[in-house]
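Novice: The residues making up each chain are set out below.
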Amino acid sequence: MESRTTSRRTFLSLSMGLPLGAALAACGSSGPTKPGGGGGGGGAKATYWYLSTQPQEGIRTAAMERFNKANPNGQIAGTTFQNDAFKTKIKTAIGAGQAPTIIWGWGGGGLRSYVQAGQVEDLTSWFGQNAAVKDRLFPSSFGAATVDGKIYAMPCETVQPIVLYYNKKLFEQIGAQPPQSWGDIMDLVPKFNAKGIAPFSLGGQSRWTNMMWLEFLFDRIGGSEVFQAVFDGQKDAWSHPAAIDALTKMQALIKANGFIKGFSSITADSNADQALLYTGKAAMMLHGGWTYGSMSKDGGDFVSGGSLGYMNFPPVDGGKGDPSDTVGNPGQYMSISAKATPEQKEIAKKFFASLLSDEEIKAWVGAGSVPIVKGADSAFTSSKDAEWLKFVYGIASNAKTFAQSWDQALSPTAAEVLLDNIAKLFQLSISPQQFTTNMNAVIGK
Amino acid sequence: MIPTSAGPGQPSARARGGRNLSLAWLTVPALVFFVGFGVIPLVGVLALSFTTWDGIGDIHFSGFTSWHAVLTDPGLPHALWVTFLIMALSWLVQTPASILLGVFLAGAQRYRAVLSVLYFIPLLLSSAAIAITYKALLDPNFGLGAGLKIALLSQDWLGRPGLALGVVVFVVSWQFIPFHSLIYQGGVRQIPKSMYEAAELDGAGRVRKFFSITLPQLKYTMITSTTLVLVGSLTFFDLIFVLTAGGPGDATRVLALDMYKRGFQANLMGPASAIALILVFVGLALSLLLRRLGGGKADHSQMEGA
Numbered sequence: 001m002e003s004r005t006t007s008r009r010t011f012l013s014l015s016m017g018l019p020l021g022a023a024l025a026a027c028g029s030s031g032p033t034k035p036g037g038g039g040g041g042g043g044a045k046a047t048y049w050y051l052s053t054q055p056q057e058g059i060r061t062a063a064m065e066r067f068n069k070a071n072p073n074g075q076i077a078g079t080t081f082q083n084d085a086f087k088t089k090i091k092t093a094i095g096a097g098q099a100p101t102i103i104w105g106w107g108g109g110g111l112r113s114y115v116q117a118g119q120v121e122d123l124t125s126w127f128g129q130n131a132a133v134k135d136r137l138f139p140s141s142f143g144a145a146t147v148d149g150k151i152y153a154m155p156c157e158t159v160q161p162i163v164l165y166y167n168k169k170l171f172e173q174i175g176a177q178p179p180q181s182w183g184d185i186m187d188l189v190p191k192f193n194a195k196g197i198a199p200f201s202l203g204g205q206s207r208w209t210n211m212m213w214l215e216f217l218f219d220r221i222g223g224s225e226v227f228q229a230v231f232d233g234q235k236d237a238w239s240h241p242a243a244i245d246a247l248t249k250m251q252a253l254i255k256a257n258g259f260i261k262g263f264s265s266i267t268a269d270s271n272a273d274q275a276l277l278y279t280g281k282a283a284m285m286l287h288g289g290w291t292y293g294s295m296s297k298d299g300g301d302f303v304s305g306g307s308l309g310y311m312n313f314p315p316v317d318g319g320k321g322d323p324s325d326t327v328g329n330p331g332q333y334m335s336i337s338a339k340a341t342p343e344q345k346e347i348a349k350k351f352f353a354s355l356l357s358d359e360e361i362k363a364w365v366g367a368g369s370v371p372i373v374k375g376a377d378s379a380f381t382s383s384k385d386a387e388w389l390k391f392v393y394g395i396a397s398n399a400k401t402f403a404q405s406w407d408q409a410l411s412p413t414a415a416e417v418l419l420d421n422i423a424k425l426f427q428l429s430i431s432p433q434q435f436t437t438n439m440n441a442v443i444g445k
Numbered sequence: 001m002i003p004t005s006a007g008p009g010q011p012s013a014r015a016r017g018g019r020n021l022s023l024a025w026l027t028v029p030a031l032v033f034f035v036g037f038g039v040i041p042l043v044g045v046l047a048l049s050f051t052t053w054d055g056i057g058d059i060h061f062s063g064f065t066s067w068h069a070v071l072t073d074p075g076l077p078h079a080l081w082v083t084f085l086i087m088a089l090s091w092l093v094q095t096p097a098s099i100l101l102g103v104f105l106a107g108a109q110r111y112r113a114v115l116s117v118l119y120f121i122p123l124l125l126s127s128a129a130i131a132i133t134y135k136a137l138l139d140p141n142f143g144l145g146a147g148l149k150i151a152l153l154s155q156d157w158l159g160r161p162g163l164a165l166g167v168v169v170f171v172v173s174w175q176f177i178p179f180h181s182l183i184y185q186g187g188v189r190q191i192p193k194s195m196y197e198a199a200e201l202d203g204a205g206r207v208r209k210f211f212s213i214t215l216p217q218l219k220y221t222m223i224t225s226t227t228l229v230l231v232g233s234l235t236f237f238d239l240i241f242v243l244t245a246g247g248p249g250d251a252t253r254v255l256a257l258d259m260y261k262r263g264f265q266a267n268l269m270g271p272a273s274a275i276a277l278i279l280v281f282v283g284l285a286l287s288l289l290l291r292r293l294g295g296g297k298a299d300h301s302q303m304e305g306a
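From first to last, the protein sequence lines stand for chains A and B.
For the first sequence, the working numbering assigns the number 1 to the initial residue and increments by one for each residue that follows.
For the second sequence, the working numbering assigns the number 1 to the initial residue and increments by one for each residue that follows.
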């Protein structure tokens, strides 16, 4: 009797302990590769986390593998994440002191929060010693890498302005021309809807997709200084008359059924918004330059057959903004974790110097992107996407203002409130006035 | 089970003390886990709720600012409302369906055993997988409705506040009804046959037997299942996060999601910790309330003498 009781209790505590123990073990291994744990075997290892969307993922991986081949004693171990998952994961990892050696990101407000916490290396003096690394890149790419006059990140990869894509076949079908102004856009909406075609595709659940519309409307109506005032933390900057006008125009487009049915449950991570454009369900889409690559890859002959049209966002009648202005990502960024070991930091710096080699430039151009290297346009002529690449290069080099995406420029706290309110604005559950009130409350936070 | 009566082989007091001690030791593993994963984090969260921390930099003590920010935010009553709405609706859907299914499956027929295995399948799937599947099926442009060209099915299921809430309740119920049916099936099988035989002698029909015997006898099963539904839906996160991400707007933003968004997307660990504590309080209050409702008196059983 006695022993049976005991064994039952043992069993109970065991059965409680086992799943917990398993959970514990899972916790330990889910942090992909432990930084600093490089002593295990072979040379020192630096860690590197990056995004998993193709075709960009393949190019990042190839650049890393080339580096690893050339440096058998100091290697880099990479781990990939989906876009939205990465944003959360990297913050948590940095806060927990478990950051990878190389922190990939978008610069701006996110980088600023890492800098304020002392989590990333100051690279100013390294760039001073390696002027050649700095001088071959677009100067505009360093803005979002600079915090209080010091450089904390290595600009890398490509310049990604946001452009207005359209499906040429659908425009032929209704016999219309691409919009030259906001008025044209509003006129096109009923024409497409009458044919059962959605005027615009939108992955609204991702929220930053909606934000791109506001970025352009603010700029075209009131000029780049409207958002600059928000960024500088001026009191009540969101109450600018141009802001109210832009928000009102935005809701007017939504009310006119300008966007695909169900846009608020479509995510950009699944590329469903792009699929709507190339399958002919939607006529236009405002999206980042990076989608050109994925549409060529997934869209069959849509891009290669010349059905994809693109243009800079048209001006708004009576607006003050410069029509050459653009927004988007002036580059991507890599920082070095302050918590990494000296060896890991050395590997990372060596890796930075090896970035955007001729092979990598060729790969980016091949994927339809413009690398942030001066004179990269000389590599375009041989590309099948030459026309597109010249278009992007032209936008990037001619833009009077190349503004950074708002959610990347602002602090994470303000960005979350912004995205939340944008989702509600697009849901028509708040008015432009409520939007400005809510946003004014987090200025400078 | 432990022999307490004095017998010829009664162990000495010292040996007995040692035995009790060794029994106490057996609770140590469970206790360590409970303290390590339950109590210590809870204390940590309590401490964090009085600080300002962005999850990356230094932690600063800031008194009640986080609590003030959370309690004055109109998002809190909204999140509470959504949480309780989902809780109440999923109880209303799950409980009757589970009781009926449980009673049905308690029968000894072979085909019912086969069906009960089939019903069990949703329970084997992970919430994230279920959410991704439903999201794909309900997509208004590429989903089931659009594919089969059925207008009724091609609604904007996850894009309208009311519909999205309904879908969440439906998917939650779809996932958990099998589990609760299982609990009720066990409960029904415990009811003594003699009660039904007596009722039949008195001329009671099927419906009368169900309402006069089965339902009252399932009282404690119902309380168990209700506690699991209510407290479980408080912490509901993964399915909603993948399915709607709290949207459209904030129509399905339950308290647990609000906590996550504040903590890990807006980098406001203080307010997020305050919401975590509110969740703990609401959960404790609920299960306490249900225990009271249940009476908790073992001598209330109607099975005695049966």
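In case anyone wonders, no lab produced these hints; they're calculated from the structure.
None of the values given here were measured: they were computed from a predicted structure.
Take the hints with a grain of salt, since some may be wrong.
Pairs of lysine to any residue residues, derived as SDA-like cross-links and limited to a Cα-Cα distance of at most 20 Å, are as follows [said to hold, decoys possible]: (1) LYS390(A) / VAL417(A); (2) LYS281(A) / LEU148(B); (3) LYS261(A) / ASP301(A); (4) LYS150(A) / LYS168(A); (5) LYS195(A) / PRO140(B); (6) LYS281(A) / ALA245(B); (7) LYS374(A) / ASN130(A); (8) LYS169(A) / SER357(A); (9) LYS281(A) / ILE197(A); (10) LYS339(A) / LYS168(A); (11) LYS150(A) / GLY118(A); (12) LYS445(A) / GLY162(B); (13) LYS261(A) / ILE59(B); (14) LYS339(A) / LYS169(A); (15) LYS169(A) / SER354(A); (16) LYS445(A) / PRO140(B); (17) LYS384(A) / GLY299(A); (18) LYS281(A) / SER154(B); (19) LYS168(A) / SER354(A); (20) LYS261(A) / GLY162(B); (21) LYS281(A) / ASP301(A); (22) LYS219(B) / VAL242(B); (23) LYS261(A) / LYS219(B); (24) LYS89(A) / ARG208(B); (25) LYS261(A) / ALA245(B); (26) LYS281(A) / PRO161(B); (27) LYS69(A) / LYS390(A); (28) LYS390(A) / MET311(A); (29) LYS149(B) / ILE197(A); (30) LYS445(A) / GLN228(A); (31) LYS261(A) / ALA151(B); (32) LYS424(A) / PRO74(B); (33) LYS168(A) / TYR310(A); (34) LYS261(A) / PRO74(B); (35) LYS445(A) / HIS68(B); (36) LYS89(A) / LEU148(B); (37) LYS424(A) / ILE130(B).
Novice: Does the alpha-carbon distance linking LYS261(A) and ALA151(B) stay inside the 20 Å limit?
Specialist: Given that 20 Å is the threshold and the Cα spacing comes to 13 Å, the pair holds.
Novice: Checking one constraint from the list: CA of LYS89(A) to CA of LEU148(B), max 20 Å. Satisfied?
Specialist: 39 Å, violated
Novice: Between LYS390(A) and VAL417(A), does the CA-CA distance stay at or below 20 Å?
Specialist: Violated. LYS390(A) to VAL417(A) sits at ~37 Å, over the 20 Å cutoff.
Novice: Holds or violated: LYS195(A) with PRO140(B), Cα cutoff 20 Å?
Specialist: 18 Å, holds
Novice: CA of LYS149(B) to CA of ILE197(A), is that 20 Å or under?
Specialist: Holds, at about 16 Å.
Novice: Is the Cα-Cα distance between LYS261(A) and ALA245(B) 20 Å or less?
Specialist: 18 Å, holds
Novice: Holds or violated: are the alpha carbons of LYS281(A) and PRO161(B) at most 20 Å from each other?
Specialist: 24 Å, violated
Novice: Would the pair LYS281(A) and ILE197(A) pass a check requiring their Cα atoms to be no farther apart than 20 Å?
Specialist: Given pair LYS281(A), ILE197(A) holds - Cα atoms ~6 Å apart, limit 20 Å.
Novice: Given the hint that LYS261(A) pairs with ASP301(A), does the C-alpha gap stay at or below 20 Å?
Specialist: 26 Å, violated
Novice: Next pair to validate is LYS281(A) with ASP301(A); report whether the Cα-Cα distance is within 20 Å.
Specialist: 16 Å, holds
Novice: Please verify whether LYS445(A) and PRO140(B) have alpha carbons no more than 20 Å apart.
Specialist: 38 Å, violated
Novice: Is the hinted pair LYS261(A) and PRO74(B) satisfied, with a Cα-Cα distance of at most 20 Å?
Specialist: Violated, at about 29 Å.
In this structure, the earlier hints numbered 1, 3, 4, 6, 8, 10, 12, 13, 14, 15, 16, 19, 22, 23, 24, 26, 27, 34, 36, 37 are contradicted, and the remaining ones agree with it.
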